[in-house]
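> Chains as they are written, first to last, in the working numbering: chain C, 1 to 700; chain L, 701 to 899; chain S, 900 to 1510.
Bear in mind the hints are in silico, worked out from the structure with no lab data behind them. Values in this document were obtained by computation on a predicted structure and should not be read as measured data. This list has only true hints and no planted wrong ones.
SDA-like mimics (lysine to any residue), calculated; alpha carbons at most 25 Å apart, straight line:
1) C:K435 <-> C:A497
2) L:K739 <-> S:T1190
3) L:K867 <-> S:T1190
4) S:K1460 <-> C:P663
5) S:K1091 <-> C:A519
6) L:K766 <-> L:M891
7) C:K37 <-> C:V652
8) L:K739 <-> S:W1139
9) L:K739 <-> S:L1117
10) L:K751 <-> S:W1139
11) S:K1460 <-> C:S526
12) L:K849 <-> S:I1140
13) C:K349 <-> C:F378
14) S:K1217 <-> C:S526
15) S:K994 <-> L:V712
16) S:K1364 <-> C:G239
17) C:K40 <-> S:A1360
18) C:K472 <-> S:T1468
19) C:K527 <-> S:K1217
20) L:K739 <-> S:G1025
21) S:K1217 <-> C:H529
22) S:K1217 <-> C:G528
23) S:K1460 <-> C:V486
24) S:K1091 <-> C:H529
25) L:K739 <-> S:L1131
26) C:K527 <-> S:E1359
27) L:K849 <-> S:W1139
28) L:K766 <-> S:S1141
29) C:K256 <-> S:F1429
30) S:K1460 <-> C:A519
The residues making up each chain are set out below.
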Amino acid sequence: MSERELTNSNSARRPLLPMPIFKRAVVGAFTKLDPRKMVKNPVMLVVEVGSAFTTVLAISALISGKAEPGSGSAWFVLLVAVWLWFTVLFANFAEAVAEGRGKAQADSLRSARKSVKARRLAEARRDASITEVDSANLTAGAFVLVEAGDVIPGDGEIVEGVASVNESAITGESAPVIREAGGDHSSVTGGTRVISDWLIVKITQNPGESFLDRMIGMVEGAKRRKTPNEIVLDILLAGLTIVFLLVTATLYPFSKYAVSSTGQGDPVGLTVLVALLVCLIPTTIGGLLSAIGIAGMDRMIQANVLATSGRAVEAAGDVDVLLLDKTGTITLGNRQATEFIPAPGVEEKDLADAAQLASLADETPEGRSIVVLAKERFGLRGRDVTALGARFVPFTAQTRMSGVDLNDRQIRKGATDAVERFVTNLGGQVSAEVKKQIHHVAKDGATPLVVAQDNRVLGVVRLKDIVKGGIKARFSEMRNAGIVTVMITGDNAVTAAAIAAEAGVDDYLANATPEMKLARIRDYQSKGHIVAMTGDGTNDAPALAQADVAVAMGTGTQAAKEAGNMVDLDSNPTKLLQVVEIGKQMLMTRGALTTFSVANDVSKYFAIIPAAFAATYPSLGKLNILHLHSPASAILSAVIFNALILVALIPVALRGVRYRPAPAAELLRHNLLVYGLGGLVLPFPCIKLIDMIIAALRLV
Amino acid sequence: MNRFYALRPTLVLLGIFTLLTGVIYPLSVTAVAHAAFPKQAHGSLVQRDGKVVGSDLIGQPFADPKYFWSRPSATTPFEYNAGSSSASNLGPSNPALRQRVEERIAALRAADPENLDPIPIDLVTTSASGLDPHISPAAALYQVSRVAKARGLAPDRVTQLVYTFVKRPALGLLGAPHVNVLHLNLALDSMVENQPSTK
Amino acid sequence: MDTLVAAGAVLSLLLLVYLFFCAAFPGETLVSLQSNLTVVVYIALVTALAIPLGLYIHRVFFGEVPVVRRVLDPVETALLRLAGVQKDTAMDWKKYAVSVLVFNGAGVVLLYLLQRFQSNLPLNPGQLPSPSRSLAFNTAVSFVTNTNWQAYSGETTLSYLVQMLGLTVQNFLSAATGMAVLAALIRGIVQKQTSTLGNFWVDLVRIVLYVLLPLSFLFALFLVANGVVQTLDPSPLTSWISPSPSVGEMGATGTGVALGPVASQVAIKQLGTNGGGFFNANSAHPFENPTALSNLLQMVAILLLPASLCFTFGAAVKDKRQGIALFSTMLALFVPAALYCIWVESQPHPLLAGLPIDHTASQLMSGGNMEGKEVRFGTDLSALWATATTAASSGSVNASHDSFLPMGGMVPLWMILLGEIVFGGVGSGLYGLLAYVLVAVLLAGLMVGRTPEYLGKKIEAFEMKMVSLVILIPACTVLVATAVAVSIPQGTSAVGNPGPHGFTEVLYAFASAANNNGSAFGGLTANGTFYTTSIAIAMWIGRFGVIVPVLALAGSLAKKKTTPPGLGTLPTHSTLFVGLLIGVILLVGALTFIPALALGPVVEHLSFTSP
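Could you build the full structure based on these sequences and the hints that come with them?
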């Protein structure tokens, strides 16, 4: 883990609109005019119907040479119709661009999904008989042999072997990673390539269900369903649309009454009414809403996180409790053994010897570091464990210790309480001296690993944790944004407290077992918190299933991935922070553009109302505060502004509103100022400018 | 609960509340009011010579130049119909409003042609109830010259009388200065009766 | 301590508004110091009374025993036992809604029948005939919906018996219904993971017994002391001291003076934001509102309960700042509107320009636009009242809104069009405002990147649907009904003034009906079949088309978990949020009604200044 990974690894911006995507989006803008597709977006459907209606008016006006009363010239009607069509097309274009960017990514993923030949093994042995099959026909449960140069034919678990694998097709990271049987790095993804050595993989997914398939489906938008907040916003937009439909529809009888009571002018023309309607309904947000959603999923995928649904992405924005595993997230993964502290009456070398014996079969970094330290300090060489007749006792989350059973003795190393239980069961006890040593080590923030032989405690191995650089600042940002960070660790409370203080987390859960993790999540949830966590092991699965946002590591076990609602292909636990940001950003973009869209309406009224009643009530001309050129140019300017602002905001929709971790009130103040006040003010100069151009070109 | 669970509470409570808030409440207010504030409860009626000549609170029309005139009234079928309160409801842009005001100005001018002072606005506009018992002190002072002439009184004496009836806004803050026309005219009558005119 | 905070907040807000106003209208256009002080005294009085009353109502809502209850508890118990209601059975939102609808429906039937049989019933000293079917229906719906739109003239249409047994009763019950619905909504917000909202019958009985009746009784006596009449005697004849030869025979020598059991009705009409006058002129009538003091206290009564309920809310959600925020929102919308209206009405009447008239305010007269205003109130108190009575959904009037200057008359119309949420009706004002709060919460929540939540309750699709209905139903009713009315002869022939003002009269009528205000631009002849029927429908939709979604909203909120507040939670008591809320309210109101207002008061105003 490095500093780089703590920052957004995708901060390098992709080009917003490469040529091929642009071309495809232009075509898409037209094909999406199909009313059956528009039905999903009521706001833009209204605009489309309005466009069609004004087109009919324009055609009949051109044929008869005269527009319907109250709508000025045939030329004016035609221009309004054209710009209304542009409005619809621009919205479709925005959606098509977002989809296109997703598709481009899907295509590059798809190239990795090419069907490959797989060597299916009859059983999980390297020398078992091999059948050549097509990867598309591999079903879950099959064993395959993959050797250097081969593409791994499907998602699976390594049952045997160690190999370096190039996962760049999925993660974009070109450096190969080590994948090996057992432990936390046993999972491989279809479409990645083995660079060296060989693996026997048990396929875990049926064809069409692999990560790649799901990912492609997601980015192409095929499986995109509206998220809860999108639905809420849709209701609000539909409500506004209904109001404005009624406002414009009733304006006709109102104006008719005005005409009959003053005897001047004509009732408002239908073209003017449609123009007013389109200007008032929230087309800006309505046109960009789906683009924002697709772009949000897209950003998630660029971060190499595969979400099972948009709902999960949105929930990430609501997270206020982050459960973070200490190891790998807060501290560098590898704790190093730095010191042997023998119990009174025990030689340091004997302790080192026992610790080494207990660690020889232990593949964890800690275990290895003990072997290394024993070699450095006392020149103890590795021994062939099997020759000694030893039986390795692996670490489990329940026993929380590991060791070896030799013919005449049992050696255990592990957490204090676990080893104490072991010793006590055999009639021994942990002396006060040793307890003091343990406490001393823990208080430094190091992990005391207690080593016992039968009922006798030999001493303590000091394992040193190294907190990642920059993580403290990151947590303080989170705190500022109202997110509580909780460190989960198997360490004892004293060690945990020391590391928690060093890393700056808000809370910690020491001596954590999977059951405690689950209980803690439930506890937070019952108090109404939204909890996010990462996990990779099978024993994390229940907690992952319980958490609101659960990011499973791509390298994690299949059970963990099934239980979570996101998979991080980089297997970087710090990614959780980025996931939260992307979730928030998606909501913020929607909120900001909605506010902007509605605030725009005020200025449009000032442009259109005086123009619409110029003949009936000339005195309303005083409301023409922009001194727009003529009634026709005023209305047309508002319509053109309404169409152009949609285009202008496409980049905001695709990239999202900037998020920085800050208290809600501060974010609101900033966004209200930019999008609320901005939305209120900006259209005035823009409409005036467009009007000046129209007047200069003598368009109407 | 059955399907008609709301029926019994509705009938019972509607009945009881009708009794409680529609009979017991107003009757008990009436009883206490009659005991504590008998005059007000019955309309603050004003008697002169054993005859009810109006109410402290209800305006009445005066067309005789020797009385202070009340404001115009929009009640129907006759002005100051205390059995049917009403405003003119003439809109601010209604030409009929200006026409009516012009007529009123003409009438006031005709009754006192020498008085060319601008006429206080309340004296040419109708009130909201049509029963406004008051005019502004300014409106009373405007009429002093006419009343004094008609009664042969010195204008100063009449002006003095007006000032004794001027009510400043209550609490110094709330409401506008006003003069009760009936009280003023009654006082005017009694002043003339008690102190025979110098003429 | 909290009271101090509230008072401080209110005073500083007022000061700010005042300073803003001074800056905006320098020199001669400045609203006089006296008018400003009047508004300040008024608001201070309302606030001072509203805080303790609000806390008291909170205890009534949640069944805690206030002092009064020791006396009235046996009455409550007896009433409920007679009604067959178990005190502790809580209703889900559907049962609550059905109970509200059945009870109010029965109220309409009873009031309709009372009117239709008026001529056969006692206490009818004027021997008034029974009103027509459509008029009786209009009046019945009007009083049950807390609108108190009056298409009739009180003293010449309804007998003492109907005024007492029909109107006074519904004044109480419609107010209590509004408060009960609010109580249910508050419970929905406060309670966690339950489906019940309390018991409508218990709420109804407690609100009438512990809040409305005692307050009304005291207030009624105060009004009588001030000169409001209270008698069952028939109207006496008075002879005028200067019989007028110029008028008709009937009015030549004197007039009958209408009396009645007025004070008892006026008390609850103001406290319950009902607004239906005993007399045609409503609170302009000297027998309903005889002095500046009675005027002040009636104005206080108009805002008192809606204002108190803000503090009730704060107490119920255990965060007084939330109540203060809602109260501040209302004030911030109310005070500038009132000051503007006062300023407009103090201007010389432009139609009378050039005539030898003195318009100028002085120590000796109010000046300004006195058409349709009483001298004892002057233009200031008339304009302030007009703003208050339309901000609250009272609709009682002490001046003729129809005769206000165009922009002056737009202020009450605007307050109504905002949806009766600036104080609004008792209960209904606050639940209406809370709907806007949820819209603001949605926008704000999205803008800070969180699923919107209010007081820990997440706002999701169902809530937003109900909120949309609450806001849309009255607004759409106003637009559609006005459009229909100005398009048919039955609608346009009833208009009392020419030009855009006639349009404003129609717009005002349906705005008033659909938002349950009840005041009117009185020039509209609203007793024809078209208007009595359409307005009755608008009133019913505007009342129960809102109450049902509000209860559904309450039911849905009650089922939710509560999220604890954190730094990431948007504070809904902050000035910033109040500002956003005000923005949302103004924007929704403006965007919906700008075209209509432009064709009504705005163009009428502009046509004065340009030939």
